[in-house]
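Engineer: Based on the hints, put chain B in the right spot on chain A.
Line by line, the protein sequences give chains A and B. Taking the working numbering, the leading residue of the first sequence gets 52, the next gets one more, and so forth. Taking the working numbering, the leading residue of the second sequence gets 20, the next gets one more, and so forth.
These aren't lab readings, by the way, just hints derived from the structure by calculation. A virtual CB, placed ideally from N, CA and C, is assigned to each residue, including glycine. Errors might be hidden in some of the hints.
[Said to hold, decoys possible] Computed from the model, here is a short list of chain A residues facing chain B with C-beta under 8 angstroms:
(1) V65
(2) F71
(3) S442
Here is what each chain is made of, one letter per residue.
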Amino acid sequence: MKWVLIKILNLIIVLIIVTFIVAAIFTGPLAEREKQNIAQTVRQQARVLFQNQPPVAIARSCALRPNIGEQGLIDAINTSVQSVIESGNTTLPQQLSQDQIAVLEEVLQTVIVDAVNNKTIVTHDEFLNYTTAKAYAALQEQGINVSQTELRTFIDDVSAKLSEECKKKIIQDEINLQIVRKGLDQPWYVLAVRYTKTLITFQPLYSTVLTTQYWPYQGDRNALHIIMERIPYSVLLFTTSSILTLAFALPLALYAARRPGKTVDSTITAWSVFSVSMPWWWLAMVFIYLFTVKYEIFPSPYKPGGIDWTSITSILSMAALPVFTVTILSIGDTAYRIRNILLDVFNEDFVTVARAKGLPESMVLRKHVIRAAAPPLVTIVLFSIVLSVFSGAIITELIFNWFGLGRLYWDAIVANDIPVIVELTYITTLLYLVIRFILDILYTVLDPRIRRA
Amino acid sequence: MFKRKKKTGKKQLSNWSLLLRTWSGKIGMALLIIQLLLAIYVVAAYGETGLKEYTQSNKWSYLYPQSAPPCWATDKAPPAKVSLEDMQVTGPEASFQVADPKQQLLIDYFNAVYVETVYEGSFNYEAEEFPSDTALALIVEVGKNATVNLQTTTTDIIILEAYVERPDGLKVYFYDGKLPVGESGTVFLYGQVANITEGGENITFIKPYSLNKIYQGALIEQYFTSSIKQLEEYLGYPEGIPGLQQGQIIMATVNEQGQVVPLNGEYKVVLKIGYFVDRDLVLNNGQFDPNLAKQNDAFVEPTVYVFEVKPNCYGFFGTDTKSRPIGLGLLFGLPYAFILGFSVTFISTFIGAFYGTAAGYWKDIKGEIMMRVVDIVNSLPFLPILIALSVAFRSAITLPVLAGLMIILFWAGPVIVVRSMALQISEQIYVEAARAVGASTRRILFKHMFPQIFPYTMAIAVLSIPGVIVAEASLSLLGFGDPAAPTWGKMLQLAYDVGAVNAGYWWLYLFPGLALVIFSATFLLLGRALEPIVAPKLVK
Chain A
52 MKWVLIKILN LIIVLIIVTF IVAAIFTGPL AEREKQNIAQ TVRQQARVLF QNQPPVAIAR
112 SCALRPNIGE QGLIDAINTS VQSVIESGNT TLPQQLSQDQ IAVLEEVLQT VIVDAVNNKT
172 IVTHDEFLNY TTAKAYAALQ EQGINVSQTE LRTFIDDVSA KLSEECKKKI IQDEINLQIV
232 RKGLDQPWYV LAVRYTKTLI TFQPLYSTVL TTQYWPYQGD RNALHIIMER IPYSVLLFTT
292 SSILTLAFAL PLALYAARRP GKTVDSTITA WSVFSVSMPW WWLAMVFIYL FTVKYEIFPS
352 PYKPGGIDWT SITSILSMAA LPVFTVTILS IGDTAYRIRN ILLDVFNEDF VTVARAKGLP
412 ESMVLRKHVI RAAAPPLVTI VLFSIVLSVF SGAIITELIF NWFGLGRLYW DAIVANDIPV
472 IVELTYITTL LYLVIRFILD ILYTVLDPRI RRA
Chain B
20 MFKRKKKTGK KQLSNWSLLL RTWSGKIGMA LLIIQLLLAI YVVAAYGETG LKEYTQSNKW
80 SYLYPQSAPP CWATDKAPPA KVSLEDMQVT GPEASFQVAD PKQQLLIDYF NAVYVETVYE
140 GSFNYEAEEF PSDTALALIV EVGKNATVNL QTTTTDIIIL EAYVERPDGL KVYFYDGKLP
200 VGESGTVFLY GQVANITEGG ENITFIKPYS LNKIYQGALI EQYFTSSIKQ LEEYLGYPEG
260 IPGLQQGQII MATVNEQGQV VPLNGEYKVV LKIGYFVDRD LVLNNGQFDP NLAKQNDAFV
320 EPTVYVFEVK PNCYGFFGTD TKSRPIGLGL LFGLPYAFIL GFSVTFISTF IGAFYGTAAG
380 YWKDIKGEIM MRVVDIVNSL PFLPILIALS VAFRSAITLP VLAGLMIILF WAGPVIVVRS
440 MALQISEQIY VEAARAVGAS TRRILFKHMF PQIFPYTMAI AVLSIPGVIV AEASLSLLGF
500 GDPAAPTWGK MLQLAYDVGA VNAGYWWLYL FPGLALVIFS ATFLLLGRAL EPIVAPKLVK
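Only chain A is shown next, with the shape it has when bound in the complex (with noise of 0.2 angstroms):
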């Protein structure tokens, strides 16, 4: 069990390796993306917070704040008082003169300050009977004459500016202490790290613009919850075209096989080097225009309004064409490489034995090449069609609009949404290496020659 042992350790290293440099490529957008994630709910625990709390209160916790204080709380008040007097729409500032007003700013500070250092005052009308009272007691000492009334709405003003400016203040303060306490502060190789870690644990990542359609309910961010909704669907087109591949492909190759040479072995070697040397999804627009646009022998893919990937007769009906085109554009290659292997193990000497033996041809086929050819016929087709789905199948369902990981891909691209991408690209190589490791495992089950080396 030793060589397993070694192999998921293989495969747990290149995966963390490959998702750290992933993590580290994207680094700035992830985290700007996790700062956002906190801006907003921040400013959403703030709204439900700050709802019906009068000024006092506000800038009372405004001043409470470790970061802000009562330096921060002055500042707010001089800003307030500036933007209200500068807005015009108070009588009180116009009757005054410049150093008036400087007088009557300096006053309102220290009033202002002593109603929110003053526990009692609770209700906004306790505050500006407070602060009115003690302002115009001020004014009056300094020699200016105001109404009390003018001043009254001055002082409302005010403090209706001066809650804005306490939420705003608190706010930011509170996403800086998140940051700061989430780690998002800190320099790249850290964050590169800690994504690595999110990663590996499937702890969710939240996309920029990309959201679900379906599951587990429409307009989830996770981003794994994204590409989990779309993997059946690139699973299914998949892996019935793999099996209707191999259905086709190890018949003719066993035909062509024993004729090397014929025509049909020419056919297969020519499907081959035509179906590698092109773009995959080449072909499917050739085809999509073929039996879509000019006869119309399938449903189109681009059909106007969009298609309900819920239901499964449309599901089926828009996956005929491209497990269709797949299967063609696989067959020739799969079969191709099956021919290869069949005709290797018919050049046997065991073969030759058994055939002078005056075995029947078909009682050597059965009895002999294929069990011998099974263990790298299993392992190496599966894993030309692993390959050859990871590596283009996935743009071609981005032609077919099928809503798999391919257009996702798309989407996510065209976005620029990096989580997604991120994430995407964690999980299909997660997904390769594990099918890669699968098949290991099985070549070395299936064929006792290299189990016992």
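Structural biologist: For chain B alone, kept in the frame of chain A given last:
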């Protein structure tokens, strides 16, 4: 030493003849030579700037029809063009009598005269197919004093009629009314005059605008649209004729079977310009004097009037949505395919071959670590990783960057095979002898082992060229191509972006794809022919 060299030379020669003995080798070699010659010709004839013009120049829309299919695929509709130079001119004639009493007032009370000029040209249209488009350019020069000096009147002062008279006598108006009062200088009713620098020369193009998709806010928009609407109602299609666009409807009629077909016969293209002007500025002895009118800046003249029936096809390959000939694009893509394919595969194979040789020579922990690294690189799903890298370098992607990214992922491909060869070779007596004599590691690797292995890796390189080209096309499709280089992948991307599949523009993607298939197949065939020669053990 001399003897050995000669021997290898002989061996190479026999390899070449072996290569040409198989059918795949023959076809591959022939295709390679043809494409190589074509690529050399293209580079020599156009140069790098010429090639890049394909993506960067905007001259194409002036030269070729837009989205025209190949001519062998359609029934050809002949192009036709009527321009001012070919037209018959009647006038300008001055008159003191006009039908409209309101305008007559101008003549009677404001010392004005009515000057009218008629330009008339014609073309014949004889075809079963509709043209792809019709186009119009109409630019009028209005002198500063061309209208009576009268701000009090609201009467039309410059009257302009431009229309096509069809063989059945119906008129399709482009413009039928007054020019905006107070307008002077150059009035662009439709179309454009463009200056383009090509090869240091300044070329002036008259650019008629499409009538299929009429330019938003053009002066003729209202008149033309309502005129087409009337024609549609007359033909019995008040909701528009399915499958035809405005510019094509100009030539539409309904035959006895009730089908919409192009109307054959002689079409007249007419422009009538009339204007009211101060008598003193233009009249000489009661007759209109063009020189005097010019002198007094009291003229109204068309500078450009072109009506064009665009052909519905172009060449053997057609043109794309940016009016670029597809055939030219196929040619221009060839050198890029060669450069990209060769540079990526040969550099990465060279790196891989040397790496593999070294890994095979060092049988200790060093070699083991090297092979672990290769295992990692080889077990990557290359397209997803390539996409991730391209996203990261999105703004900086050029052909060299793309090649670099691919080399990063492809170099480990041949290492395992090379290493197993190197393991065998390092056991050979002459390597041991060299080591015994005290040759340095570098000397053994470079002088004794690497030359033995290198030829075998070339077959691998040739076989991996198609993968590179297909990968470039795939990345281009996703928008990660070099924006300046006219590769086949970019052509396919354009086709995908404009929805060519659904729009039925099959020539936009069929030909670039075929070029790609032929190019890739060349190297696959060659590679398959080379395989048994360079690695005889692989075949029995």
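Engineer: For every hint, state whether the structure bears it out.
Structural biologist: Tested hints:
The beta carbon of A/V65 comes within 5 angstroms of a beta carbon in chain B, closer than 8 angstroms, and the hint placing it at the interface holds. The closest approach between the C-beta of A/F71 and any C-beta of chain B is roughly 12 angstroms, which is over the 8 angstroms cut-off, so the hint fails. Checking A/S442 against chain B: minimum C-beta separation of about 5 angstroms stays under 8 angstroms; hint holds.
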